[in-house]
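Participant: Just so you know, the protein sequences line up as chains A and B, in that order. Take 377 as the starting number for the first sequence in our numbering and just add one per residue. Take 19 as the starting number for the second sequence in our numbering and just add one per residue.
Think of the hints as simulated: they come from the structure by calculation, not from any bench. Please note that a few of the clues may not be correct.
[What the hints assert, rightly or not] To spell it out: a stretch of chain A is covered by chain B in this simulated footprint if at least three of its residues, at any positions, have a beta carbon under 8 Å from a beta carbon of chain B; those stretches are:
hint: 1; region: 419-425
hint: 2; region: 479-488
hint: 3; region: 613-624
hint: 4; region: 704-712
[To be verified] With beta-carbon atoms standing in for the labels, derived distance ranges:
hint: 5; chain 1: A; residue 1: N790; chain 2: B; residue 2: R130; range: 55 to 61 Å
hint: 6; chain 1: A; residue 1: Q515; chain 2: B; residue 2: L148; range: 19 to 25 Å
hint: 7; chain 1: A; residue 1: E552; chain 2: B; residue 2: E129; range: 39 to 45 Å
The beta carbon of each residue, even a glycine, is placed where N, CA and C say it ideally should be.
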Amino acid sequence: MITRRELLKTAAATGLLAGTGGLAMPALAKGATIKLGYVSPQTGPLAAFAEADKFIIDGFLAATKAAGLDYQVVVKDSQSNPNRAAEVAKQLIVDDEVSLMLVASTPETTNPVTTTCEAEEVPCISTVAPWQPWFIGQQGNPADPASWKPFKSAFHFFWGLEDVIAVYTNMWAQVETNKKVGGLFPNDGDGNAWGDKVVGFPPVLDKGGYTLNDPGRYQNLTDDFSAQINAFKSANCEIITGVMIPPDFTTFWNQAQQQGFKPKVASIGKAILFPQAVEALGKTGNNLSSEVWWTPSHPFKSSLTGDSSAQLAEGFTKATGRPWTQPIGFVHALFELAADVMKRADAGDNAAVINAIAATKLDTIVGPIAWNGANLPPFAAKNVAKTPLVGGQWRLKDGGGYDLVITENKTAPNIPTGGKMEAIA
Amino acid sequence: MMWLDTIVQGILLGGLYALFAAGLSLVFGIMRLVNLAHGDLIVLAAFLILVLVTALGLNPFVAALVAMPAMFALGFALQYLVLNRTLGPDILPPLLVTFGLSIVIQNALLERFSADSRRVSAGALETASLQFGPINIGTMPLLTFLSAIAVIIGLNLVFYRTSLGRAFRATSDDRVTAGLMGIRPDRIFAIATGLAMVVVTIAALYLGTRANFDPTIGPARLIYAFEAVIIGGLGSFWGTLAGGIIIGVAQTAGASINPEWQILAGHIAFLLVLLARPRGLFPRAVD
């Protein structure tokens, strides 16, 4: 494991090298190729997040070429591994000398890349990770809010833990239950944040009149969940929530069915994000619920191509034969932002690019984005922009396969719902 | 009642661990070879089953039957061509070679299948269960446990009731003398590893249907298998089953107190058994 400090040290050392290299280099002429670096987990356990990368980047290059712009996107694979992510970020900065770094999908990839960029003062836009693990996870002392410092060159757009908690509780309010909730929080970054007694689910659930039964943090890749199932059964939990990796949710859900434990609502983060993961559950995935960040029915359109959400999703399905997934919209928005920022700043002038990002006001396919600190605590106001979050349920289609239907939009009423919450049969 | 359920679930989990461990126990019992690539071979077999299921549309159980002879051949060739050359008075070469083999298998699988996590679907069987009074027993975990028992009975029959088993035991006891009696130890060893790969295929079937797997998940599964073999006593198949059950029950019991203790409780049980009986519960051979 590389600690954050070691990473900063080596990053700073290579930064010096890169700095001297930059001195000898001629200033980039206007109209020359603009180089963007992009890091995402294309292989490894998180590979599903990056499934649409090629489609999005091809579309971005076609759209910018049509507009007479000359872009080059250097794509690197983080292999779902934080150490690898930091290494490729360094390569992009030192060897490829990219003007703007883009990074997406889960703190395991976004954080090491952002940290590297911050040390090198290379502008960086990040997305697809709740903002708390992104912002707090990169602080020197995550436990001490007083020591948290904003970043100079790193920016992030996504929703936060407070949004997912609001969406989940709003979804549960639609279904008649005994308000007894079972929590499945693993011993990892996400699990500890969701289950945290201060910033996580427990305080909000207390206030809403829910009783949370949290048996404790389990290890990822557990082979047996009978202890949790027994605890939920004896506490008579009708709602299940948590943030699980797909193999563990598969093990848990199968075992729960075998043990005759059938909650009315199961709202799970991470594990059931992708249709493939829900299909792996067979017929038992019906009416599982999850937070929804983007769907083809979101009423936004691309600033790059003018396509609506539905057209973007349709284009992806046509090009790949695969069902749409939520990261598509966000990865597309990431490239929308890149095009918009580079229009307003000279490539190679890092300070100008950073200022251009901070001044962004763009209506993207995932909603309006501006780093204006709206709905955010002061410490995160400079570096984080929030996008709307709603809730949805997976519904079994007649011919097999699943549809994600938006069932809860109190937090973002401009996004239409496609139905009401239903209890799991 | 909850304690009863905890123990029953633990025993069923122990069946899975015993299944992971049986092949390891077999290979170690006959040729004192610690196969560090065992977990990766299970994952390799799981991918083979996955390919058969997706490409030919076979039922996973049928696919495992088809995969068995292929895995037997692979094990035979592996032992005959590679591992036999490493066997000798020094225990280090086989360890190093199987360690290297583990890395080779992981990377070959990564190259071929990428690091995506996969699952073999067993249809409605996945969530089916049988009710015994207040306790629900999942059909798949039960099948896993019964398969583990069947594998161990089968291995014991081969070992103690057939001429092949006699050759296994003779070679294991004294390789040179067995050779003088007309047994070819390298062939016997190759057959043993082939047999171990058949067991590995059965373990892979249950690994692949229980939860998702990816090319690098093997070593994580190897730890419990090792512990089961060592608790049970090297070379004893029933001991391996007992070892698996001890770890499984320790894990579910630990988890019922607090899920944070689940994995730890298994390891503590392992250490306690070693403290009380350093050679395991039922050691077969005296060495």
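Participant: Each hint: holds or not?
Facilitator: Here is what the structure says about each hint:
no. : hint                         : result
1   : 419-425                      : holds (count 5)
2   : 479-488                      : violated (count 0)
3   : 613-624                      : holds (count 3)
4   : 704-712                      : violated (count 0)
5   : A:N790 to B:R130: 55 to 61 Å : violated (46 Å)
6   : A:Q515 to B:L148: 19 to 25 Å : violated (51 Å)
7   : A:E552 to B:E129: 39 to 45 Å : violated (52 Å)
Violated hints, in rising order: 2, 4, 5, 6 and 7; the structure is consistent with all others.
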